[in-house]
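A.B. asks: Under this note's numbering, the first residue of the sequence shown carries the number 8, and numbering increases by one thereafter.
Hints in this document: simulated from the structure, not taken from any laboratory. These numbers were taken from a predicted model, which means no experiment stands behind them. Hints may contain errors.
Okay, derived cross-link-like pairs now, PhoX-like style, lysine-lysine, Cα gap no bigger than 25 Å in a straight line [to be verified]:
(1) Lys147 / Lys307
(2) Lys270 / Lys307
(3) Lys147 / Lys169
(4) Lys260 / Lys296
(5) Lys381 / Lys169
(6) Lys307 / Lys327
(7) Lys270 / Lys226
(8) Lys226 / Lys327
(9) Lys327 / Lys296
(10) Lys169 / Lys226
(11) Lys76 / Lys63
(12) Lys65 / Lys169
(13) Lys307 / Lys296
(14) Lys76 / Lys65
(15) Lys270 / Lys169
(16) Lys65 / Lys30
(17) Lys226 / Lys65
(18) Lys76 / Lys30
(19) Lys270 / Lys260
Label pairs and their calculated CB-CB ranges [unchecked claim]:
(20) Pro83 / Thr58: 17 to 25 Å
(21) His114 / Glu426: 36 to 44 Å
(22) Pro208 / Arg115: 22 to 30 Å
(23) Leu113 / Glu22: 23 to 31 Å
(24) Asp27 / Glu326: 26 to 34 Å
(25) Arg115 / Ala42: 40 to 48 Å
(26) Gly329 / Asp116: 43 to 51 Å
(27) Ile304 / Ser36: 49 to 57 Å
(28) Ala42 / Lys296: 53 to 61 Å
(29) Val178 / Ile112: 27 to 35 Å
(30) Gln263 / Glu426: 42 to 50 Å
(31) Pro165 / Pro125: 27 to 35 Å
(32) Cys421 / Arg361: 38 to 46 Å
(33) Glu222 / Asp26: 38 to 46 Å
Quick reminder that beta carbons are idealized off the backbone N, C-alpha and C, glycines included.
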Amino acid sequence: MTDIIRYILRFMVGEHLPDDVSKLVGYTSDQSAFADYKVVIVPSGFFDEGTYGTVKTKPSIPLMNIDGKPFLFGTPDIERVGDVIVVHADLVASAYFLLSRYEEILHRDIRDGHGRFPGCESLPWLAGFIDRPVVDEYGKLMRRWLNNNGANIVERIPFMEKINLTHDVDVPFSGRTWRNIVRRVLSGQNPVTAVRGKYSPLECDPYYTFPWMLEQNEKLRRVAGVDRCRSFLFFRAGGEAVQDRPYYDLRGKDIQSLYSLCKRYDATIGLHSSYQAGRDPSLILSEKKNLEEAFGIEIKCNRHHFLASREPEDMEYLEKAGFTDDYTIGYADVAGFRLGTSRPVRYINPATCRLSALTLHPLTVMDGTLNEAKYMNLTSDQAEEYCMRLIRNIRDVNGELTLLWHNTSAVEGCGYLRELYGKITNFN
8 MTDIIRYILR
18 FMVGEHLPDD
28 VSKLVGYTSD
38 QSAFADYKVV
48 IVPSGFFDEG
58 TYGTVKTKPS
68 IPLMNIDGKP
78 FLFGTPDIER
88 VGDVIVVHAD
98 LVASAYFLLS
108 RYEEILHRDI
118 RDGHGRFPGC
128 ESLPWLAGFI
138 DRPVVDEYGK
148 LMRRWLNNNG
158 ANIVERIPFM
168 EKINLTHDVD
178 VPFSGRTWRN
188 IVRRVLSGQN
198 PVTAVRGKYS
208 PLECDPYYTF
218 PWMLEQNEKL
228 RRVAGVDRCR
238 SFLFFRAGGE
248 AVQDRPYYDL
258 RGKDIQSLYS
268 LCKRYDATIG
278 LHSSYQAGRD
288 PSLILSEKKN
298 LEEAFGIEIK
308 CNRHHFLASR
318 EPEDMEYLEK
328 AGFTDDYTIG
338 YADVAGFRLG
348 TSRPVRYINP
358 ATCRLSALTL
368 HPLTVMDGTL
378 NEAKYMNLTS
388 DQAEEYCMRL
398 IRNIRDVNGE
408 LTLLWHNTSA
418 VEGCGYLREL
428 YGKITNFN
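Go ahead and model the full structure; you've got the sequences and the hints to work with.
C.D. replies: Here it is as structure tokens:
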């Protein structure tokens with residue numbers, strides 16, 4: 008656990024700063040060691056044997072606050088012991104609880120119909136801070152305490168570090184397979200019209216909105232910088248569950264055309280690991296190989312279909328399969344900061360207390376989360392206001408914005424999501 012605690016301290020104080028700065032913060036109740044630090048956070052007992060992993064570690068709502076920031080464990084007391092600022096709010100355990108998805112191993116019995124831990128059952132939602140990256144806020148607070156004790160840290164100007172514009176290739180086309188043609192004819196469509204849809208130019212397919220989305224992304228990339236802002240497309244490469252339909256041929260002409268479009272716009276390709284692989288993560292490696300063979304490239308990024316990363320420890324399979332980055336971790340039913348941070352963070356397995364090399368990029372907003380009646384059910388104005396609030400909060404802590412917009416949400420005349428995407432990608 009020592010390595011994880013040291014990592015969390017470094018993460019909160021700021022990985023952009025030299026490691027020596029984070030070492031000015033101690034995590035100890037040993038008063039004889041206080042003098043080794045400028046700031047000491049006193050442990051609350053969260054990590055103690057016989058306490059960790061039990062109901063004793065379930066935070067009580069309403070949460071306490073320190074300088075307007077909610078924390079989960081300890082007390083809001085701050086004192087000076089000699090030249091040291093001693094903080095009794097256990098920000099390390101609070102950050103760990105959020106960053107590791109710890110509450111999901113406490114509540115294995117709480118899952119939705121897809122096996123996911125629901126956002127509406129999460130502590131960030133119930134305690135009212137799902138829209139705030141509180142772990143990043145802890146870091147600003149810690150840097151201020153260090154400065155008050157002579158560390159001389161220059162706080163950065165608010166600035167969004169990265170912008171990830173991501174798209175899952177779930178239903179890339181509307182009517183370009185014989186299965187779809189049969190379905191349309193059986194539903195009453197003229198057979199000639201149905202067949203014409205299969206052989207018409209790809210750009211005529213109403214679901215093929217990828218050119219429009221990638222052009223929107225490119226406009227933002229030109230303003231924000233191509234290194235700072237990137238496009239991602241996640242392709243499925245397996246899965247036999249009903250939720251994995253419609254199946255598409257990765258080597259077929261249409262998908263290969265989409266892949267060529269991705270290359271033209273310098274989009275990163277990732278695996279959209281299947282719904283079935285969410286239930287059986289051992290399938291992830293074979294799906295990764297399928298995608299690599301179809302496109303002739305190495306795949307390093309993943310996102311789970313249906314955002315169905317069911318159990319925290321299932322992420323181990325991604326690292327074993329050779330992935331370096333995952334873009335899954337957000338709630339389907341609530342947009343915001345599932346991990347309490349807007350910054351990429353290393354995966355921590357709360358069941359084994361293992362710090363992984365896999366980097367998690369928290370998902371900020373998924374399109375359907377905003378408008379679907381079973382989720383947030385926001386109006387156009389409400390959705391825009393909420394998204395802009397999340398963006399402001401990310402900018403304030405120099406975080407990373409990750410959007411997920413499906414091509415089917417960009418179909419003209421199908422609700423407000425197309426227009427909203429255009430507005431969001433023009434915020435900069």
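A.B. asks: Against each hint, give a clear statement of whether it holds in the structure.
C.D. replies: Hint check results:
At roughly 31 Å between alpha-carbon atoms, Lys147 and Lys307 are farther apart than 25 Å, so this suggested pair is violated. Taking the CA atoms of Lys270 and Lys307, the gap is about 16 Å. The hint holds against a cut of 25 Å. This hinted pair checks out: Lys147 and Lys169 have alpha carbons roughly 19 Å apart, not beyond 25 Å. Distance check on the hinted pair: Lys260 and Lys296 sit about 20 Å apart at the alpha-carbon level, within 25 Å; holds.
Simply put, Lys381 and Lys169 have alpha-carbon atoms about 30 Å apart, too far for the 25 Å limit, and the pair is violated. For a cut-off of 25 Å, the pair hint linking Lys307 to Lys327 stands: about 12 Å separates their Cα positions. Taking the CA atoms of Lys270 and Lys226, the gap is about 16 Å. The hint holds against a cut of 25 Å. The hinted pair formed by Lys226 and Lys327 fails the criterion: a straight-line CA distance of about 36 Å is larger than 25 Å.
At roughly 13 Å between alpha-carbon atoms, Lys327 and Lys296 fall within 25 Å of each other, so this suggested pair holds. In summary, the hint linking Lys169 to Lys226 is supported, as the alpha carbons are separated by about 15 Å, within the 25 Å threshold. Between Lys76 and Lys63, the direct Cα distance comes to roughly 22 Å. Compliance with the 25 Å bound is thereby established for this hinted pair. Restraint check for Lys65 and Lys169: the C-alpha separation of about 33 Å exceeds 25 Å, so the hint is violated.
About 11 Å separates the Cα atoms of Lys307 and Lys296, which keeps this hinted pair within 25 Å; it holds. A threshold of 25 Å between alpha carbons decides the hint, and for Lys76 with Lys65 the separation of about 18 Å falls inside it, so the pair holds. Distance restraint check for Lys270 and Lys169: the Cα-Cα separation of roughly 20 Å lies within the 25 Å cut-off, and the hinted pair is therefore satisfied. Proposed proximity of Lys65 and Lys30 is contradicted: the alpha carbons are some 29 Å apart, above 25 Å.
Between Lys226 and Lys65 the CA atoms are separated by roughly 45 Å; this puts the pair beyond 25 Å, and the hint is violated. Taking the CA atoms of Lys76 and Lys30, the gap is about 23 Å. The hint holds against a cut of 25 Å. Pair hint Lys270 plus Lys260 holds up; C-alpha atoms about 15 Å apart against a cutoff of 25 Å. Here the CB-CB span from Pro83 to Thr58 is close to 21 Å, well matched to the stated 17 to 25 Å.
Look at His114 against Glu426: about 38 Å separates their beta carbons, and that is inside 36 to 44 Å. At about 50 Å, the CB distance of Pro208 to Arg115 disagrees with the hint of 22 to 30 Å. Checking the proposed 23 to 31 Å range against Leu113 and Glu22 shows it holds: the Cβ atoms sit about 28 Å from each other. For Asp27 paired with Glu326, a C-beta distance near 29 Å keeps the hint of 26 to 34 Å intact.
In this structure the hint that Arg115 and Ala42 lie 40 to 48 Å apart at CB holds, the actual value being about 43 Å. Gly329 and Asp116 have their C-beta atoms about 33 Å apart, which leaves the hinted 43 to 51 Å range violated. Between Ile304 and Ser36 the C-beta distance comes to about 51 Å, which sits within the given range of 49 to 57 Å. Here the CB-CB span from Ala42 to Lys296 is close to 55 Å, well matched to the stated 53 to 61 Å.
Judged by the Cβ atoms, the range 27 to 35 Å given for Val178 and Ile112 holds: they are separated by roughly 34 Å. The hinted range of 42 to 50 Å is not satisfied by Gln263 and Glu426, whose Cβ atoms lie roughly 31 Å apart. Range check, Pro165 to Pro125: about 32 Å between beta-carbon atoms, so the 27 to 35 Å window is met. The hint said 38 to 46 Å for the Cβ distance between Cys421 and Arg361, and at roughly 44 Å that hint holds.
Taking the beta carbon of each, Glu222 and Asp26 are about 42 Å apart, inside 38 to 46 Å as hinted.
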